[in-house]
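Participant: These are the residues of each chain, in order.
6 protein chains.
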Amino acid sequence: MPDLNPDLVRRIVREALDEDGAFHDVTTLTTVPPEQRGRGVFLAKDHGVLAGLPLVVAAFAAIDPSVQVHASLVDGAWLEPGTNIARVEGPLASILSAERIALNFLQRLSGVATATKRLTDAVAGLPVRVVDTRKTTPGLRALERYAVQVGGGHNHRFNLTDGVLIKDNHIAAGRSRGLTLGQVVSAARSGAPHTLRIEVEVTSYEEAQEAVEARADIILLDNMTPAAMKRCVEMIAGRALTEASGGVTAVNARAIAESGVDIISSGALTHSAPALDISLDLEI
Amino acid sequence: MPDLNPDLVRRIVREALDEDGAFHDVTTLTTVPPEQRGRGVFLAKDHGVLAGLPLVVAAFAAIDPSVQVHASLVDGAWLEPGTNIARVEGPLASILSAERIALNFLQRLSGVATATKRLTDAVAGLPVRVVDTRKTTPGLRALERYAVQVGGGHNHRFNLTDGVLIKDNHIAAGRSRGLTLGQVVSAARSGAPHTLRIEVEVTSYEEAQEAVEARADIILLDNMTPAAMKRCVEMIAGRALTEASGGVTAVNARAIAESGVDIISSGALTHSAPALDISLDLEI
Amino acid sequence: MPDLNPDLVRRIVREALDEDGAFHDVTTLTTVPPEQRGRGVFLAKDHGVLAGLPLVVAAFAAIDPSVQVHASLVDGAWLEPGTNIARVEGPLASILSAERIALNFLQRLSGVATATKRLTDAVAGLPVRVVDTRKTTPGLRALERYAVQVGGGHNHRFNLTDGVLIKDNHIAAGRSRGLTLGQVVSAARSGAPHTLRIEVEVTSYEEAQEAVEARADIILLDNMTPAAMKRCVEMIAGRALTEASGGVTAVNARAIAESGVDIISSGALTHSAPALDISLDLEI
Amino acid sequence: MPDLNPDLVRRIVREALDEDGAFHDVTTLTTVPPEQRGRGVFLAKDHGVLAGLPLVVAAFAAIDPSVQVHASLVDGAWLEPGTNIARVEGPLASILSAERIALNFLQRLSGVATATKRLTDAVAGLPVRVVDTRKTTPGLRALERYAVQVGGGHNHRFNLTDGVLIKDNHIAAGRSRGLTLGQVVSAARSGAPHTLRIEVEVTSYEEAQEAVEARADIILLDNMTPAAMKRCVEMIAGRALTEASGGVTAVNARAIAESGVDIISSGALTHSAPALDISLDLEI
Amino acid sequence: MPDLNPDLVRRIVREALDEDGAFHDVTTLTTVPPEQRGRGVFLAKDHGVLAGLPLVVAAFAAIDPSVQVHASLVDGAWLEPGTNIARVEGPLASILSAERIALNFLQRLSGVATATKRLTDAVAGLPVRVVDTRKTTPGLRALERYAVQVGGGHNHRFNLTDGVLIKDNHIAAGRSRGLTLGQVVSAARSGAPHTLRIEVEVTSYEEAQEAVEARADIILLDNMTPAAMKRCVEMIAGRALTEASGGVTAVNARAIAESGVDIISSGALTHSAPALDISLDLEI
Amino acid sequence: MPDLNPDLVRRIVREALDEDGAFHDVTTLTTVPPEQRGRGVFLAKDHGVLAGLPLVVAAFAAIDPSVQVHASLVDGAWLEPGTNIARVEGPLASILSAERIALNFLQRLSGVATATKRLTDAVAGLPVRVVDTRKTTPGLRALERYAVQVGGGHNHRFNLTDGVLIKDNHIAAGRSRGLTLGQVVSAARSGAPHTLRIEVEVTSYEEAQEAVEARADIILLDNMTPAAMKRCVEMIAGRALTEASGGVTAVNARAIAESGVDIISSGALTHSAPALDISLDLEI
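Chains as they are written, first to last, in my numbering: chain A, 43 to 326; chain B, 43 to 326; chain C, 43 to 326; chain D, 43 to 326; chain E, 43 to 326; chain F, 43 to 326.
Think of the hints as simulated: they come from the structure by calculation, not from any bench.
You may find that some hints are simply not true.
Any copy will do: because identical chains look the same in the list, a pair fits if it lies in one copy or spans two.
[What the hints assert, rightly or not] Below 25 Å or equal to it, Euclidean Cα-Cα: the simulated SDA-like pairs (lysine to any residue) are:
1) Lys-87 with Ala-310
2) Lys-87 with Ser-246
3) Lys-87 with Asp-60
4) Lys-87 with Arg-217
5) Lys-272 with Val-83
6) Lys-272 with Gly-220
7) Lys-87 with Arg-257
8) Lys-272 with Val-293
9) Lys-209 with Pro-107
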């Protein structure tokens with residue numbers, strides 16, 4: 043079900059290759075003749091989840107359609123050091139010119155998928171959904187959301203246009219104009235498309251109560267302790283979905299999930315996931 | 043001297059705002075009236091080097107030219123937790139819609155600058171240049187290179203088109219056709235623009251000797267110990283620039299630099315620098 | 043609250059001017075000297091709602107920033123034949139070259155707003171929301187949705203990405219694989235972002251029951267009689283929002299609304315609204 | 043002979059699919075597995091002229107090249123309610139995601155072709171050409187002009203750059219500077235490429251005389267009665283082409299044509315043609 | 043009356059600056075501090091017609107809006123060696139980075155204008171129009187046509203879409219299908235917009251007769267001697283415009299014009315005009 | 043080794059075809075039926091070097107993939123009047139619509155290659171490299187550099203970003219701030235990527251001495267006599283590469299080369315190379 047728009051993939055990969063000057067690789071042009079062929083394997087060098095094969099395929103295809111990529115695995119596969127991910131074969135010059143960009147995408151997205159898998163594993167068996175945030179790399183949001191799905195997570199709203207999240211500052215802005223939280227929620231509900239749920243960020247039990255009374259569809263419990271979240275969840279009692287955010291790690295995720303929240307969101311999945319170590323070993 | 047193409051800044055910021063749906067922020071549109079004004083301050087929450095102010099300015103300007111950003115500092119300034127970076131003032135709705143993108147860029151670039159500063163500090167006083175690599179975020183290479191400069195580093199070649207770096211695979215490709223390293227270097231030199239230096243990657247003393255004999259302009263000592271590098275540097279004796287790469291960290295950088303190399307390159311500066319924690323605190 | 047992304051406006055207007063060859067208007071270039079000035083007024087020639095002034099302003103600004111547009115009204119104003127909408131003044135050649143595009147947008151969007159107003163007037167006093175659909179003009183969806191808001195309506199989901207609407211074919215596809223409607227709804231809910239409501243299209247009382255049991259958030263009653271809709275609404279009893287669609291007109295809208303549905307959607311608002319007659323009368 | 047630039051078709055269709063979020067159709071992605079296949083038929087539900095098949099083909103091809111479209115007819119065919127237009131077959135998910143955009147184009151262009159056919163039928167047997175105007179949908183002019191051709195009409199100038207039409211305001215502008223109509227025509231002729239005919243808009247017999255004397259190549263008789271047009275045509279006596287415009291409908295077109303004009307132009311062909319009712323019936 | 047779309051100018055200049063890497067001029071960035079100011083003058087070094095000042099202005103504005111360009115002349119002015127064209131003043135670094143692109147455009151367009159002036163001077167006093175062709179530099183057609191106007195010439199059709207020119211191959215294609223030249227002309231006339239004149243290329247007196255009989259609006263006399271053209275012109279006797287083409291030079295233009303043709307077209311105006319020598323002399 | 047980015051070729055060719063209106067060639071659409079086939083040969087009409095075949099192939103492919111181009115030669119081949127370059131075969135209408143753009147590119151690039159060949163022939167046997175400059179046609183730099191390679195030349199830096207060339211104005215700017223040439227060179231070296239050589243323009247023996255002392259990597263001897271250059275080369279004695287520029291022609295090139303310089307650069311290769319005469323002869 044994780045899906046990637048193939049046109050988007052082609053466009054982003056092409057721009058990355060352009061940025062890297064890969065269509066005029068002076069070193070390779072001057073040292074490797076076009077007829078020399080090569081082959082290589084993408085090998086995992088660490089433990090993690092594979093994500094990004096479509097970008098690898100697209101990178102070589104953009105440089106030279108005659109390069110063949112034969113994947114041994116599909117995105118979502120678990121990697122161990124030494125796992126053979128894919129073989130690439132074709133004109134060596136083409137392989138060399140696209141190598142770096144292929145790896146840059148594969149390592150980055152596998153890193154995101156791996157970080158997500160760590161979090162979903164941490165809450166395994168609990169009825170909770172791990173989701174991403176808007177703290178993504180500029181230009182790569184769709185790719186990183188895909189990697190989160192590959193890692194077993196779900197996606198939050200894509201952006202400011204297609205979801206409603208009333209944050210502390212929106213509430214404060216309303217209060218400064220004499221509005222209650224309930225009135226702010228009503229304003230959002232009456233202006234937003236009826237297809238969108240209304241989510242409200244709260245930082246205390248009292249605010250959570252207020253949000254429930256305002257008939258928020260989703261209540262974001264921000265930076266609370268698991269215990270405080272548990273109290274909120276019990277008070278809310280299914281009247282709204284509950285989402286936990288703030289400093290979620292693989293270490294504290296289970297405790298947070300055990301508070302009974304429906305959703306755990308983590309910006310670190312996308313802004314701090316270290317790249318997964320993967321190499322392309324060529325046989326020449 | 044670090045410079046950023048203002049058009050590039052505008053284009054990248056606009057694309058990031060588009061990706062984030064910031065021009066149609068449903069929550070803000072429905073809860074904050076256009077005439078309500080707000081103000082806030084960007085505050086550092088950690089130690090590091092500031093980088094990315096032009097992107098902050100561009101983000102607010104793109105959403106609403108009437109938002110004012112008053113910077114207290116310039117890129118390159120050292121931040122402590124609590125340091126006031128800049129004030130922003132204008133229509134609150136506009137501030138809220140651009141906040142996330144402004145922060146995403148500022149935190150990421152300050153992270154890169156900070157990582158670079160750690161490395162340049164580590165080699166302070168030694169005649170060595172710290173440089174970046176091509177392991178940058180797709181689409182953001184120019185920004186990240188700027189951040190490296192802000193942090194006191196220098197840039198390597200921008201991409202495959204504007205620099206020559208003969209890697210192990212290029213050499214192997216030549217050898218498989220019966221060419222010596224010297225012949226591969228000659229091929230590169232005779233085909234590349236005369237304005238480019240010829241850099242050759244080596245992994246042993248013997249290869250370094252071969253590269254010197256081939257009259258390489260720069261010799262990249264890849265993944266050697268500081269001791270091995272020192273031997274190479276002494277053997278090379280100024281006949282070529284020397285660059286060290288492979289697993290460089292703030293911990294081992296000084297030892298590497300003391301080997302006498304001219305340049306230290308680090309992919310981690312751009313692919314692994316953690317974002318620097320910076321927040322926008324609004325007064326409403 | 044209706045809002046239009048000013049960048050989008052600029053881009054769409056420029057493309058329309060380019061398509062119309064307005065930057066090289068041979069007739070005007072050869073017959074009207076650049077220094078000749080002119081002025082004119084936009085006059086309504088029919089009854090309706092004004093929508094599209096920002097596009098008029100953008101059209102003249104794109105051709106010649108020195109053309110001044112002084113609006114007497116704002117979008118949303120009610121027009122009678124003869125109502126003065128705006129004055130335009132500046133180089134006559136510039137006015138002539140942009141006139142057609144300015145009018146094309148103004149007439150079209152005012153047409154949409156007027157059609158919407160007819161529908162919202164028809165249901166005045168009833169707790170129902172009139173919304174648009176995806177049957178918009180390719181390339182102009184955001185503008186037409188704005189015009190719907192200007193006319194007093196609301197917007198449905200923007201597109202297939204930012205809303206879930208399980209249609210008859212999705213349900214049939216599931217049934218052909220042995221799934222119940224409830225299972226199809228569950229599949230959508232478990233895959234879609236938690237910020238989106240799940241809407242289900244039904245065509246009978248029985249299907250509506252099934253949808254309620256499947257815990258659909260919104261039930262789209264497609265092509266039912268008002269009486270049938272009333273039965274469904276009573277059965278649903280607030281457990282889901284209800285939306286009526288299919289052949290809605292200003293004539294039957296009130297009867298439909300009186301069935302108690304929460305939302306009425308109409309494709310005709312955007313795909314069949316006749317342009318509102320507006321002219322630009324020049325004084326030369 | 044009606045022709046459509048295939049690149050333009052691809053670009054416009056892709057932009058429409060992007061606008062519709064069709065490359066990430068959340069409902070379909072979550073409820074229809076990629077391997078489920080489907081088939082359907084495009085069926086006419088009304089009388090009219092088919093136009094737009096290349097856009098239907100392009101829409102499915104853009105979403106998924108494996109979807110097959112087998113047309114039973116070609117653009118220009120006459121449709122009755124129930125006429126089978128084309129079959130579509132392939133992955134059901136792909137069909138569902140592209141359906142709306144395919145229909146939006148097909149219905150709109152068939153509507154334009156049908157309106158044109160009504161007008162050309164009305165003047166059948168008379169030596170007159172029915173043409174479109176610049177009152178087209180922004181962004182879709184080339185498509186709508188194609189539909190006019192498919193419906194048996196011809197095209198007027200594409201835009202302000204590639205044709206000369208001296209309108210009342212151009213003449214008034216000249217007169218205010220002391221120029222006669224003849225001098226205005228001369229100015230246009232001496233500045234415009236020699237490959238363009240010079241067309242002049244007139245609203246009275248006297249102006250028509252003046253235009254003939256000014257050696258206009260085409261005289262546009264604007265908003266005259268058929269009787270008045272007849273007088274003008276007789277006076278012009280073949281010295282210029284004559285074009286009738288203003289309030290042309292299928293009802294009055296024959297009377298207008300019988301005045302002897304060479305060309306009848308109608309903005310309504312493109313700005314007011316109702317969409318033709320066509321559906322895609324799926325078998326699942 | 044020569045006019046240049048300012049948006050086109052901005053876009054083309056920006057792309058040229060991008061291609062030249064002018065937004066990151068390493069030499070200037072490292073050797074000239076941003077605060078150092080400079081000034082300079084554009085000086086003609088040869089005789090010719092000035093064309094391209096708007097591109098000079100746009101080039102400096104794109105690099106740095108604070109650079110001031112003060113033109114002493116306007117496009118169309120006659121230059122002698124030493125003529126002061128314009129002063130430029132502002133940050134020296136900005137001036138240096140944009141200098142080459144500004145000169146490239148100015149020299150090229152002044153070259154085209156100068157070549158045109160030579161041809162129009164050669165036919166001074168005769169009732170003939172000198173026009174360009176489609177043999178322009180890819181991407182720069184609009185600029186080069188502007189330069190032709192600046193030099194006193196006129197423009198031919200812009201491209202294949204906005205003019206009809208039936209060439210020898212079109213006629214041969216028709217003949218091979220059994221059509222007469224008259225039938226080919228009729229086909230073009232009945233399919234092309236009525237706003238376009240029908241031009242026919244002929245290479246002999248007999249073909250010219252045939253073209254007149256076919257009621258061609260313009261007859262292109264290709265590669266004939268002045269004497270042969272004269273015979274054709276006399277035979278045509280005003281029933282069509284006549285255009286001479288093929289090997290036109292400043293030397294033979296008058297003889298050609300004296301044959302009585304209405305138009306002389308020259309591809310060399312755009313494809314072979316040598317650049318006019320102009321320099322930017324800086325005072326530092 | 044000369045290489046052309048195929049994507050760039052496709053993009054530039056498509057833009058040229060769009061500019062030429064080739065996708066809607068009114069003449070051909072109305073006079074040549076789509077089923078009529080044609081064939082033709084590209085024939086040289088002059089002596090020169092062939093360059094640009096990939097653009098010819100791309101032009102026909104963009105208009106109609108069914109057109110076949112069978113090249114008899116490859117870029118770099120020597121042409122005599124009458125040499126058969128390539129055959130083209132397919133729908134005649136498609137051939138006619140793309141003909142002009144195919145020829146425009148082929149003639150222009152063959153012209154550049156031919157001019158380059160003249161220069162490289164002139165210095166045959168001498169150890170000198172002939173290179174281009176930045177005086178290229180805006181938008182076509184990559185193509186023209188390719189043609190220079192095809193003609194036996196080499197490329198200089200691509201643009202301001204990927205090479206360092208300290209010109210007289212940079213030096214003057216430094217001197218005005220009290221810097222020596224050596225200090226200016228040091229500034230460039232310390233700021234530029236270490237992969238770039240530092241080139242310095244000098245106009246006298248004394249400056250050349252200064253540049254050597256400043257350890258410039260390349261010294262550009264601008265507008266010197268061969269004798270003066272020889273003195274400089276002897277003084278420099280291999281401590282830097284030497285490049286000669288200024289007024290280089292096929293006539294004086296050998297004398298310049300015999301001065302011992304390593305590189306000769308010529309702007310005329312790209313800004314003044316006359317198009318090579320090539321025609322497409324159709325058999326219909």
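Participant: Now tell me if each hint is right for this structure.
Facilitator: Against the structure, the hints come out as follows:
1. Taking the closest pair of Cα atoms, Lys-87 and Ala-310 come within 25 Å of each other both inside a single copy (22 Å) and across two copies (17 Å).
2. Only between protomers do Lys-87 and Ser-246 lie at most 25 Å apart by alpha-carbon distance; the minimum there is 23 Å, versus 44 Å within a single protomer.
3. Taking the shortest alpha-carbon separations for Lys-87 and Asp-60, neither the intra-copy value of 28 Å nor the inter-copy value of 36 Å comes in at or below 25 Å.
4. In this assembly of identical chains, Lys-87 and Arg-217 lie within 25 Å of each other by CA distance neither inside one copy nor across copies; the values are 53 Å within and 27 Å between.
5. Taking CA atoms no more than 25 Å apart as the test, Lys-272 paired with Val-83 passes in neither setting, with 49 Å inside one copy and 33 Å between copies.
6. Taking identical chains as interchangeable, the C-alpha atoms of Lys-272 and Gly-220 are never at most 25 Å apart, the minima being 31 Å within one chain and 39 Å between chains.
7. Within a single copy, Lys-87 and Arg-257 get their C-alpha atoms no closer than 50 Å, and across copies no closer than 35 Å, so neither meets the 25 Å cut-off.
8. Taking CA atoms no more than 25 Å apart as the test, Lys-272 paired with Val-293 passes inside one copy only; the shortest distance there is 18 Å, against 43 Å between copies.
9. For the identical chains of this complex, Lys-209 and Pro-107 are inter-copy neighbours only, at 24 Å across copies versus 48 Å inside a copy, given an alpha-carbon limit of 25 Å.
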